[in-house]
Amino acid sequence: MPAPRAPRVLTVTQLARRIKEALDTGFGALWVSGEISNWKHAASGHLYFTLKDDESQLDAVMFRTRARGLVFDPGNGMEVVVAARPSLYTGGGKLQLYVDTMEPLGVGALQRAFEQLKERLAAEGLFAAERKRPLPRFPRTIGLVTAREGAAIHDMLTTLGRRWPLARVVVRPVRVQGDGAAAEVAAGIADLNRLGGVDVLVVGRGGGSLEDLWAFNEEVVTRAIAASTIPVVSAVGHEVDFTIADFVADLRAPTPTAAAELVAPAWSDVAAHVSRDEAALRTALSRRMALARERLARLERALGDPRRRVEQVAQRVDELSLRVRRGVARRLSWEQREVAALAGRLERVGPAARVARARERLDVAAERLRRAIDVRVRHQRAALQAATGRLDALSPLACLARGYAIARVGDATGPVVRDAAALAPGDLLFLAFAAGTARARVEHTEP
Amino acid sequence: MADDVSTPKFEDALAELEGVVRRLEQGELPLEDSLAAFERGIVLVRLLSERLTQVEQRVEVLLRTEGGKLSVRPLDDEE
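Chains as they are written, first to last, in the numbering used here: chain A, 2 to 448; chain B, 421 to 499.
Excised from the complex, chain A in its bound form:
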């Protein structure tokens, strides 16, 4: 017989764990609204408070990591909506709501939360102009984080298809309003970043009320946009609506259609641009060619017609050869002159020259001699004449002329008779007169 089973005894911890398990699996996360009381901001950063309504109250805790995401300052008496998990705090034996997010209830509160978050993020510098990244001019892949259905996605796909059908569009469908929308949008942004190859993101939805757009005012979305490595264009609602996402995005588009226009260039513009570039290319090349051709022509001109060049060269050769010939001729004649000069010099020093010089000297001497002789002759002649005159005066002929006669013995050759004593009668005498002769005989002599 089997022993009766002893009742199973649980330790407190075991039970507490079971209760905790039951709570955790039975409830999970849910949204709870209520009023805050017993508000306590612990030094640890955790928030402890009681959430109550008219009949009930539950303790709640919001840990520091979650509390950092608060977009407003909660406090006692404030109506809030929390996303929370009911669970057992085994250490304290307390049922607690573990709060993940908390939002103020009501439009006024939303507005306040909006302003508070905006201020806080602005102070952090998330909206700074220098954080804004330029969009790629020609996105190859465009990521859309938006609702799967509705006007927004339709408008964006239509606009992208019309303007820039080259791009691949990857849609990350998300809920854009209601519970969990913000987290989905944030996850969508992160997923498209993880996917890789996406050039630009559009995050958005069509217009709506502040509550409808609220997801885009939540910090989780704002942080996801700020953390995106891909430039983000926000496209929330219509022009009058601004969301926090708009401030943190790299570019804000007033509508989804406008966002599609901002992220994609117009195909026709780009095609026109490319064909303009092509035309510019051809123009530039033909200008370059024209320039080169002109330069070539210039060089050709500078170089001249080769035939003319040859002619010119030939002419030049002719000129040169002429000059050479002239030069040679000049040189020859110079040489001839030189030879002549040398010959002259040679002649001057040679025997002929000497002969000539001797002859010359001889001539000179002869001349001098002749002249000397002449002088002498003339002198002699003059002397002769003088002598002749004197002679004339002394000439017997002159005596004869005066009537004297010369008596010679015998004949004309006989001795002149100067003394009659030399004569004997009868001697023959030869008598010479001034004119003629006579023969005579001595008849008588007297002493």
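Simulated from the structure, these hints should not be mistaken for laboratory data. The structure presented is a predicted model; accordingly, all values stated were derived computationally and were not measured. Even glycine gets a Cβ: it sits at the ideal position worked out from N, Cα and C. Mixed in with the good hints there might be a few duds.
Claimed, not checked - Each computed DMTMM-like pair below joins lysine to aspartate or glutamate, with the alpha-carbon atoms no more than 20 Å apart:
#1 B:429 <-> A:270
#2 B:429 <-> A:200
#3 B:429 <-> A:279
#4 A:53 <-> A:74
#5 A:119 <-> A:74
#6 B:429 <-> A:74
Said to hold, decoys possible - Counterexamples of contact, computed for chain A against chain B with all Cβ distances above 12 Å:
#7 6
#8 31
#9 34
#10 56
#11 64
#12 93
#13 112
#14 120
#15 123
#16 189
#17 248
#18 319
#19 448
To be verified - Some but not every residue of chain B turned toward chain A, in silico, with C-beta under 10 Å:
#20 434
#21 437
#22 438
#23 442
#24 446
#25 451
#26 458
#27 471
#28 472
#29 473
#30 476
#31 481
#32 490
#33 492
Start from chain A and add chain B according to the hints.
Only chain B this time, still in chain A's reference frame:
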């Protein structure tokens, strides 16, 4: 996509084309370089024009599977 990796980005190709045009227009390139630049430019023009004529829009949906893996499918055979 393989061709996204091997072919230059549209933006880069257009920027290169503009650079080629500018260099050619400045007229300072030697003639042979001009011809090379022109040929490169025409290649880019052809490439860009071809890209521009691929006008079929591709829309895909990015889905997250159970395991948190991402998968991309054409928009229309999503389900």
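Regarding the assertion that residue 120 of chain A does not contact chain B, is the least Cβ-Cβ distance greater than 12 Å?
34 Å, holds
Beyond 12 Å from each Cβ of chain B, as asserted for residue 64 of chain A:
Holds, since 24 Å exceeds 12 Å.
Just double-check residue 189 of chain A for me: nearest Cβ-Cβ distance to chain B has to come out over 12 Å.
Check fails; 8 Å does not lie beyond 12 Å.
Agreement of residue 429 of chain B and residue 279 of chain A with the hint, judged by alpha carbon distance not exceeding 20 Å:
18 Å, holds
Outside-interface status for residue 448 of chain A - nearest CB in chain B farther than 12 Å:
162 Å, holds
Hint validity - residue 437 of chain B Cβ closer than 10 Å to any chain A Cβ
5 Å, holds
Does residue 481 of chain B pass the interface check with chain A, least Cβ-Cβ distance below 10 Å?
5 Å, holds
Is the nearest CB of chain B more than 12 Å from the CB of residue 123 of chain A?
Check passes; 31 Å lies beyond 12 Å.
When the least beta-carbon distance from residue 473 of chain B to chain A is tested against 10 Å, hint result:
Since chain A brings a Cβ to about 9 Å from residue 473 of chain B, closer than 10 Å, the hint holds.
Would you say residue 34 of chain A is clear of chain B, with no C-beta pair closer than or equal to 12 Å?
Given a closest Cβ separation of 30 Å, the condition holds.
With the threshold set at 20 Å, check whether the alpha-carbon distance from residue 429 of chain B to residue 200 of chain A stays at or below it.
11 Å, holds
12 Å Cβ clearance of residue 6 of chain A from chain B
Per Cβ check, residue 6 of chain A is outside 12 Å of chain B; nearest 42 Å; holds.
Hints 6, 16 from the earlier list are contradicted by this structure; the remaining hints agree with it.
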